[in-house]
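Visitor: Here is how the chains run, residue by residue.
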Amino acid sequence: EDQVTQSPEALRLQEGESSSLNCSYTVSGLRGLFWYRQDPGKGPEFLFTLYSAGEEKEKERLKATLTKKESFLHITAPKPEDSATYLCAVQPTAGGTSYGKLTFGQGTILTVHP
Amino acid sequence: KAGVTQTPRYLIKTRGQQVTLSCSPISGHRSVSWYQQTPGQGLQFLFEYFSETQRNKGNFPGRFSGRQFSNSRSEMNVSTLELGDSALYLCASRLEAVKFFGPGTRLTVL
Chain S
29 EDQVTQSPEA LRLQEGESSS LNCSYTVSGL RGLFWYRQDP GKGPEFLFTL
79 YSAGEEKEKE RLKATLTKKE SFLHITAPKP EDSATYLCAV QPTAGGTSYG
129 KLTFGQGTIL TVHP
Chain L
324 KAGVTQTPRY LIKTRGQQVT LSCSPISGHR SVSWYQQTPG QGLQFLFEYF
374 SETQRNKGNF PGRFSGRQFS NSRSEMNVST LELGDSALYL CASRLEAVKF
424 FGPGTRLTVL
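Chains as they are written, first to last, in the numbering used here: chain S, 29 to 142; chain L, 324 to 433.
Bound-form chain L, shown alone (with noise of 0.2 Å):
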């Protein structure tokens, strides 16, 4: 079974640009999460979505949202971006209580 895919694997983007990252879980899983992960604040939990609806939110700016689509697939956008934005964004999708996390994007903000 294909494990999460995540696109693109790097980006680089100036201040002030919007990104938008995709992630595709793992067939049959209907939950999709998303993560920040920085040296310094170490893996954080940006939000969660399932059947296409936020379950949860973390302490993240509203500059930072996303979404799901009916077959499970999900986007998650950052607009104005800042140079504080720079991290590995990962993606999970959950089978029950486990979460299986996708390679991420490295996002470098210049």
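The following block holds chain S by itself, in its conformation from the complex (with noise of 0.2 Å):
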């Protein structure tokens, strides 16, 4: 069975303040990896995708690594604007009972504080 652990669950930082996400998983055979940030009662918004190892994307103070086994996400400089949900997810290689899934991670809380 697919799993995905993030840590830490929460994150204080103060802006400015560089630091890294991290999102360990399991999967039997990974299509992609991906990255979401999420606001208190929205849904979910689509940072990046990664698909192999050694892959990296950025994204203004975001960017996103991938090994074999995890995947990081390191935030520079943050602002308070920053402050979210950050969810990690994996979508194992198409066919039988795994089309379509994603299995996300609990997600970090992200907070910067001015």
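Bear in mind the hints are in silico, worked out from the structure with no lab data behind them.
Glycine included, C-beta positions come from ideal geometry on N, C-alpha and C.
Be a bit skeptical, because a hint or two may be false.
Short derived list, chain L residues pointing at chain S, Cβ under 10 Å [what the hints assert, rightly or not]:
| # | residue |
| --- | --- |
| 1 | 329 |
| 2 | 381 |
| 3 | 429 |
Could you use the hints to bring the two separately framed chains together as a complex?
Guide: Listed below in structure tokens is the structure:
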């Protein structure tokens, strides 16, 4: 069974204090690893997709990286508006009972103080 | 391009009742999936539809069902509601590998 574990559960940063969020996963075969951001009372907002070990993607202050066992979301010089829950999810290779299914981690609640 | 829309945004029901939630995907997206989000269990996969066919189903009881129409719009139904069904129900439409989520329907069962 696919599993995703995110750490830490919660992270408090001062504005400008860089840090990283971790996503460890086990999956029979990885089609893609996804990062989403979720604000309170809203649906998850897509950030990145990573497909293979060694891949990196960047968007503003966020950078996602992928290894064969985990992914990191690096936040550089965060601002208060980066406060949100960050969710990691894996999609196994297509076919069988895994078709279209994303398995999510529990998320990391990030709070950035001014 | 408009995003995924879900109606209604909020619902209050009592135990034993049934409820139908609606989802309109992003234009051109033919795949729609549903997820349940609760504080204790997080986001859990309910089912996915593609071209009116259910392609996959998560580990939920038969009280949870869905369907997709020819215009790709989808509905999910929960019968005989239980207190534990209180959750945020999220719909997502998919383009290739990426799922885009709607704002969700907050269901409260009293």
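Visitor: Taking the hints in turn, state whether each one holds.
Guide: Hint by hint, here is what the structure shows:
no., hint, result
1, 329, "holds (8 Å)"
2, 381, "holds (7 Å)"
3, 429, "holds (8 Å)"
Comparing the model with each numbered hint stated earlier shows that all of them hold.
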